[in-house]
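Line order of the protein sequences matches chains P and W.
Note that the numbering used here numbers the first sequence so that position 231 is 231, with each residue one more than the last.
Note that the numbering used here numbers the second sequence so that position 46 is 46, with each residue one more than the last.
I should point out that these hints are in silico values taken from the structure, not numbers from a laboratory.
Careful, some of the hints might be misleading.
[Said to hold, decoys possible] Covered stretches of chain P, going by a simulated chain W footprint (3 or more residues, C-beta under 8 Å):
#1 114–123
#2 710–716
#3 726–740
#4 746–752
Fair warning: this is a prediction, and the values are worked out from it, not measured in the lab.
All C-beta atoms, glycine included, are put in the ideal place defined by N, C-alpha and C.
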Amino acid sequence: MRAPTGRLVAGLAAAALLVGAVALVARDDVVVEELTVDAPTGPDDPTTIALDVALYRPARLGTDDDPRPAVVLGHGFGSDRRAVDAWARRLAGDGRVVLTWSARGFGGSQGRVGLADPTRDAADVRALLDLLAERDEVRQDAPGDPRVALVGASYGGGLALLGASVDDRVDAVAAVATWADLASALAPDRADDGGPGVLAEQWASVLFAGAAGASLDLGAATGPDADAAAPGGGAAEPSGDAAADPDVGAQALLGRACGAFDPAVCLAYVASASAGTLLPEARTLLEARSVPPRAASITAPTLLVQGQQDTLFDLGQSLANARALQDAGTPVALRWVPGGHGEVGAGDPGDAVADAVDGWLDRWLPLRGDAPAGDEPDLLAWTDPVSGAPRSSDTLPGPGTTLLRATAGGRLVPGGADLPLPTQDDAAGGTRVVLRPPGALPASISTLPALGGIADLLPQLDLPGQSATWRSDPLDADLSLLGAPRLTLRVEAPAGVPGAGPPVTPDSGAPDAGPAAGTVPDVGALLFVKLRSTTPNGRSTLLQAAANPTRVDELPATVTLELAPLATRVQAGDRLELVVATTDLAHAVPRVPAAFSLDLSGDGAGLSLPVVPEQDVATVPPLLRVAVPVALALLLVAAAAWATRRHERRLADAPVAEGGEEVPVRIEGLVKRYADGKVAVAGLDLEVHRGQVVGLLGPNGAGKTTTMRILLGLITPTAGRVLLFGREVRPGHPVLARVGTLVEGPGFPPYLTGRQALRSHWELGGRPWQEADVEHALEVADLGPAIDRPVGAYSHGMRQRLAIAQALLARPELLVLDEPTDGLDPEQIRAMRQLLARLGEQGTTILVSSHLLAEVEQTCTHVAVVRSGRVVAAGPVGQVMGATRSVVVRVDDRERGRAVLAPLVGQDALDLESDGIAVVLGEREVADLVEALVAAGLRVHGVVPRGRLEDTFLALTGGEPAGGSAEWTPEERQ
Amino acid sequence: MIAELTRQLRRRRTAFGLLGIGAVPVILAVALYLTDGDGGGDGGGGGDPTGLFDLAEASGLNFTLTTLAAVSPFLLLSVVALFTGDPVSSEASWGSLRYLLTRPVGRSRLLGRKLTIGLLLSVLAGVVVVLVAAVAGTVAFGWGGVVTPFGSLPAGQAVLRIGAILLYVLWSSLWVAALAFALSVRTDEPVGAVAGTIVLVIVVQILDAITALGTVRELLPVHEGTAWLGLLADPPRWGDLVRGVWLQVPWTLGLLSWGWWSFQRRDVTS
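One chain only, chain P, in its complex shape (with noise of 0.2 Å):
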């Protein structure tokens, strides 16, 4: 009963939990409907091209609920709508409606990607807020001005940018790792003197790979102007006509390379990254799709959110939005959140990101009410990288303020202009020359695009001669830096060195042909300026992952530097290093080899740091940190040995039934039904007083293993109750030690000696080896110098016998053994009956099991039947077997036999055997029998006793050999 209502509890159990769990973790149900919006192609073009859309709605909203605010989500550049699918679904289950859409360019949009251009890509956010304005599910602030908010990352951020300057219907923005200088971010310039700057190369090209592949495998642009240039239609061009006209052929070229991007972009793309700079042309194109101009029309509440680690759009882009839409009067709230741009930029955001977009979607888009819900936002957030705790400030940081000089020495020490330098440092002259070699390689690593939050970890490579490098002693305390540093150095070209002077151009093809593909030009000095902090074992991490190239175009000059925004922590120990290195891996650098000399000693020379007192920040030591799960396990380790010694002292004090000392063993009504149906034990009744040797007999599978297994506690019953010595029998029971057992033949280690393996089994019960009676014990094993030999080796005759031997350890007042001479040849079944006797005179009461009559009928004083499950008859040998004894009786004529012996004791109790007539004597002795026969004038061979349990069963029930009836004695019978 017990097992199988346990199973169905826990089965239930799991099931609901299992339920419970896909509950919560299933969202509100959202519908998805996919849509087509016509957008004009261009400011004075009167065709439209077709944007595929999805419009993502609550499920549950009916036609009599609300109108919800609505969402517009773009996605990032080189993938379409498709990829902020997951995102739309969790802002849609918030109870927004969202509209996502693939740009133009992308996706199954028509059109060609103008990489946000603010009167094609971003103008198209018109046409989808005048979709939004038709829907009945969208609230409306007025007539065709739809309540909605424009979110997206990366180049998604950007369209967000410059679509809410584009349209003022927008009410709230989130942009997400974007930019504000598309130029100063692919082709950076820390100098910022209106110079070419140094083409983010890695950069540029894998977004240009992204985008043009991913437009090149859709066959999708197919708008008007799509023959001209587009894959398909430039395939099928007459190649005759590609021959005689070089520009259609190379336009065609061009189209097959570009796919779906405005031609315009394109060839400025091609151009820089061939010239590997960013030409004056690109860089126009990419100025007008800046932000902070466009600032005045954003009125819409703006949050920027950027990636401490991103590469691409460093931290200074935001802070350069943030000022400009602050300047502008607008609502801006700034996040720097741990990641890199691939991480936080991603169609589908982390949990950092999408937290502050929904923060700040509730706050300025509610979805009930229209006035902004919520505690008003700080300004600035961002998180100590170090502590990983979080830290904000009301005002955007400015420049630094703290001046660190650099010495010819190389140390970076603390002063300003009016501070003497330490003199020891004061070595000649106070420049160091930097070169960079042919061909740009081999090239210093800082970071990779795209590595993100791990760039930490990539190490530092900066080659000896290509850089050079100050260092500052390891710092006293923990230093915060939030901000821009700035770095003011002088930069020189040595004479005679080539890098100095007029750019070189090629020879061969026009002047304005532009510079041969494969060169950058060399103008000035190029140069990477990068910040450090390097732990006293030697390890560099570098700060923001900023490499900050920056172009120096007429040498010599004497150049302040903004370097890169930074938002982190130099922890106390560390060292800061400032390095300038002359090549990077990730940027496009000349070829030509080049020295420069640079010389940060000078007056009006060295570095501020943008330095902000510490925050008292309590971070948790990791020891402790790691404590806590330990402790916690240990504790519960602790909780489960307290609640073991408790149930172990709660069985010891159990009350004791009365009259337990005399009756050892007391069993009442036990039943035990397996799983499977199986009934071992149906009702059994017994009691074994002190002194007595009871017998329990019966055929295998009577129940008498399983009874004695539940005497021990080994089986619990299904029904009824054991007492031993008065106590109800648990498992692991303290009355056990007074309890001596040997159940189904003997169990050793096979590696144990048989000493070792009686004194393990001892000491494991928890007593010390000295209380055992192991004199007796040996003596009884009986084993001799076998007894220190492995058990592995003995027979199952010694086995046997050590344990009997194991079982008397314990000076056991009780002996409950199983066919304690199953297996043995007859002169150890006489020695075991002998022992047994004794013990018996010597008092110990013993329950033995057999199902041999002639055993019982030699070892007991008592015994007790048992079949089927019950005990049929119990009570003193004598009286029992009396009743049951029969013999063979052997004389050649049977059948007179028989005749003869029918009046004696019932025709019923004779049977024919093959050796001679069996008899169940009954009250009727031997000597009567063969009286009786000779007297008929048989000749009597001989008598011999037959123990047939059967015959036991039958003479006891009266010849039902099925089935049971209830416990009587043979008093009762007569």
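Given the coordinates of chain P, work out where chain W should sit on it, guided by the hints.
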């Protein structure tokens, strides 16, 4: 407790298990020493998620780290399964379990003792590996600091970190111990418990490698198995490590509870 310890220590398989795992560093050291390490560059690549295998010869302590990295994903777990999965089911197979249970000692106490000794032997196995590797490595490659994929550490600090790494590796094997133990109380066949555990460990590791399963993998007990690499960084990275420590707790408790519960209710017929 001492009695149980003696009972287990006398077994031949205990000695074999310890010797076996102790032989691994010696074999590795000899192999690396003889091949002089040149051929290791190419042909490798697969099977080295830690980046430590190439650095094995840098010093004795480096060799210790490499050995630990090589042994911890599978071999050490197998030995742990052997030491914790064997005690109860082997007693059942010899027929001595019923005699142990008829002592006046509760089943919980008996299980507790066997589990504790099993865990102790597992810890011993881990310590043996590290010590033998340290000795063999120092003999073969000399004493010195440690070179890691993140930089380098002086010898003194490296010793401390290796100790911490060993503790973490052993803690991360708790779930295997719990699983082996739980299986061993349910079966009378010690091979079934140990082999079954090893098979399940392999299955879980395969599941962990399938990235398509996404965030479900973060709940698997082997997920933070290599989080100890963070201890080699400077400053040490604790994030994943703390998570790994926590991750073992529910699995171990769950499996042990299951084992305990089934043993308490069980009808012992062996």
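How the hints compare with the structure:
1. 114–123: violated (count 0)
2. 710–716: holds (count 5)
3. 726–740: holds (count 8)
4. 746–752: holds (count 7)
Hint compliance for this structure: hint 1 is the single one not met.
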